[in-house]
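Could you put the whole structure together from the sequences, leaning on the hints where they help?
Now for the letters of each chain:
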Amino acid sequence: MTLVIENIRKTFDNHVAVEGISLKVQKGEMFGMLGANGAGKTTSFRMILGLLDPTEGNITWDGDRLSYKRTKLIGYLPEERGLFPKLTVKDQLIYLMKLKGMKKPDIIREIRQWLDRFQVPEYENKKIEELSKGNQQKIQFMAAVLHKPEILILDEPFSGLDPVNSDMLKDAVRDLQKAGTTIVFSSHQMRNVEELCEDIIMLKEGKAVLQGNLREIKRSYGMKSISIRADYELAFLRSIPGVMNLDVSKDGAVVKVENERVAEEIFRAISEKGFVRKFEVEEPSLHDIFIDKAGGDKDE
Amino acid sequence: MNNFWTTVSHTAERRIKSKAFVISTLVMGLLIISLMNINTIIDRFSGDGEEERSVIVVVDNTVSEGMFGEVLASFEEGGSFQYTPYSSSNVDSAVEDARNGEHDYVLALEGSFENISAEFFGGGSDFRVAMEVNNDVQRVKESLVTNELDLNEQQMAMIYSPVSFSESPLRENGEVQTQEGHMQAYWMVYGLVFAIYMVVLTFGSMIATEVATEKSSRVMEIIVSSVNPVTQMLGKILGIGAAGLLNLLAIVVAAFIGYTLSGDDFLETFFSETFDISLIIFALVLIILGYFLYGGVAAMLGALVSRAEEVNQAIQPLVFIAIIALFISVIGLNTPDAAFIKVLSYVPFFTPQLLFLRIGMDTIPGWEIVVIMGVLIISAILINILAARIYKGGVLMYGKFSFKTGLKQAFNLGKKEG
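Line by line, the protein sequences give chains A and B.
Basically my numbering = 1-based index in the first sequence + 23.
Basically my numbering = 1-based index in the second sequence + 17.
One thing to keep in mind: the hints can contain errors.
To be verified - Derived PhoX-like pairs: lysine-lysine, alpha-carbon spacing no greater than 20 Å straight-line:
| no. | chain 1 | residue 1 | chain 2 | residue 2 |
| --- | --- | --- | --- | --- |
| 1 | A | 149 | B | 425 |
| 2 | B | 34 | A | 150 |
| 3 | A | 109 | B | 36 |
| 4 | A | 109 | B | 34 |
| 5 | A | 193 | A | 171 |
| 6 | A | 113 | B | 34 |
| 7 | A | 171 | A | 126 |
| 8 | A | 279 | A | 301 |
| 9 | A | 149 | B | 36 |
| 10 | A | 113 | A | 230 |
| 11 | A | 171 | A | 95 |
Stated by the list, open to error - Chain A side only, calculated, beta carbon under 7 Å to chain B, not exhaustive:
| no. | residue |
| --- | --- |
| 12 | 72 |
| 13 | 91 |
| 14 | 94 |
| 15 | 99 |
| 16 | 101 |
| 17 | 103 |
| 18 | 105 |
| 19 | 106 |
| 20 | 107 |
| 21 | 108 |
| 22 | 118 |
| 23 | 121 |
| 24 | 123 |
| 25 | 143 |
These aren't lab readings, by the way, just hints derived from the structure by calculation.
Don't be surprised by glycine CBs; every beta carbon is placed ideally from N, CA and C.
Written out as structure tokens, the structure reads:
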């Protein structure tokens, strides 16, 4: 079972929101969708969900188009959180899960299990408006996963959470993946993506600027980062062609270079100068790539 | 289909369980029960005893030598007043006594039988008293004159026997509107026109508010990821309609309780005289069709706004249409034959009121009822299809509310593509 997106395009009036995106997500895979605000992530999600029809292109799951007949296959955590503020946790999950075709006793059993897992069993009969934002988010998450969907779409699942709750949710996501759920998620927090995803797509103004296996992307990504510690002045490195950025601090320097060949050249240049305490070529962080590719977004 | 009923029951249940619904239904019920028993309640508070009847003193200066006053005084027909002959023939002193509160009215009579003139003092605020007194004087005069002329019973009967009067329609199979029939239709039409107005205002804004609330709490996005927005919209309209029907039922039950308590024969008269079962069925059908027509528009308008506070602004056009329909039908009640009523009854938004008005007040041919009903049903369906498309796009749209751009955007968003 595969989620296949083929060359989708979506225009609103004259504005192109998404253009020429294609991707495949295998069953049980965790797929990351990155991009600055307004890059087209939410529009893409809405097209996968069938809330919007693509202007061109196809989206299929297991060979068939996703439609309201197959809505119970999908779980969705929207970026803008939304629940009925006046309803209790139980009442609204019962309603939302009935819409997914679940039976009431099953729903109640699942609610209790998840509330226990999130260590908040006492919330069952509380109204949503009485809960803190982080706890509301747990309920929101439950609304996306209670019916055991095959595809789970998480739009910014960890934003606004404290580290404890964030980890709790992250564990839950990992467990779902292990159980075979196909997960597509977006995040501004690159660390989460690096931790969780194998494959990613990076969007900018509706187009894919980077796509593929995260490790390969990093390895093959030209830009490298070198940290050096030496007993002498390192500022002269700035004059070597191919150095993009030099950041000198008390105990050394971090040099961003265009590719590995430049790194070798730097190594030669400083070994001529004398003893080197540390010389390490690192792959760029996703954060660096993001800023390089998607540009200007400093959410992290 | 499953999701449709889940939405219907969720919507209806939430509404019925809400405090506002329970309280307003209770208050409405109590109000109806107490209104129907208003007489008993007033009696209880105003203490025992019958109301004092007002007294009219008769100053008889006619040629009848006091007969006039005596015959009047012999009238004992449970009216709210009573005649008493005045002791003297001085009108001024009788009026003076009335001013001092010794009696309420003064009736001064003078002249011969050919030319009796009566003057009534104290009519003031209640014109009906003077009217009744005028009738009484006339009747007494007639009986005194016939007495004077010494007519026998046969002659009397000739004078007073009523003319037999009957009506026939010009067209074959036509109907003749009797006064009773007319009044019955008049009040039913009046009632229904108001009912539709209320249904549109209250339930229309309920639908719009509910949609806008789900939008503003952003739960809408989750819901429409599970259920087709069109299904959800229709489910909502039906759910709120069901809650409304329950409300109506509660009112009927309250009316029945009130009736039982009062022991009045009001309902019996109502059922036997003003009740026409076919009119009631027409009324129900038209209310339901009207509800779906207006409800679809209300849901669409609700989907265009982002916040519940903007609902009132958004449904204003709908409210205006309802008000205009109300005005037209109130005018139409008195001129049901007017050409503009005929023409406007074909306009779907006016049909529920005006078609019912024409059925109730006029003799509208059967084929026209079928045609107009057809127009109404088709336009209700079309409006709901259009509303569904705008709804589908509108529920995902956030931002400042504006009719023109909002409608256009939502319409494009709801487009089925690829």
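Outcome of the hint check:
1. A:149 - B:425: violated (40 Å)
2. B:34 - A:150: The hint holds at about 15 Å.
3. A:109 - B:36: holds (12 Å)
4. A:109 - B:34: holds (12 Å)
5. A:193 - A:171: holds (17 Å)
6. A:113 - B:34: holds (16 Å)
7. A:171 - A:126: holds (13 Å)
8. A:279 - A:301: Within the cut-off at roughly 16 Å; holds.
9. A:149 - B:36: holds (18 Å)
10. A:113 - A:230: Measuring from Cα to Cα gives roughly 41 Å; hence the hint is violated.
11. A:171 - A:95: holds (8 Å)
12. 72: Where the cut-off is 7 Å and the nearest Cβ of chain B is about 5 Å from residue 72 (chain A), the hint holds.
13. 91: Since the shortest Cβ distance to chain B is 5 Å, the answer is holds.
14. 94: holds (5 Å)
15. 99: holds (5 Å)
16. 101: holds (5 Å)
17. 103: holds (5 Å)
18. 105: holds (3 Å)
19. 106: holds (5 Å)
20. 107: holds (5 Å)
21. 108: holds (6 Å)
22. 118: Hint holds; residue 118 (chain A) Cβ to chain B Cβ min 5 Å, cut 7 Å.
23. 121: OK, holds: residue 121 (chain A) within 7 Å of chain B, min 5 Å.
24. 123: Status holds, d = 6 Å.
25. 143: violated (20 Å)
Hint compliance for this structure: hints 1, 10, 25 are broken, all remaining hints hold.
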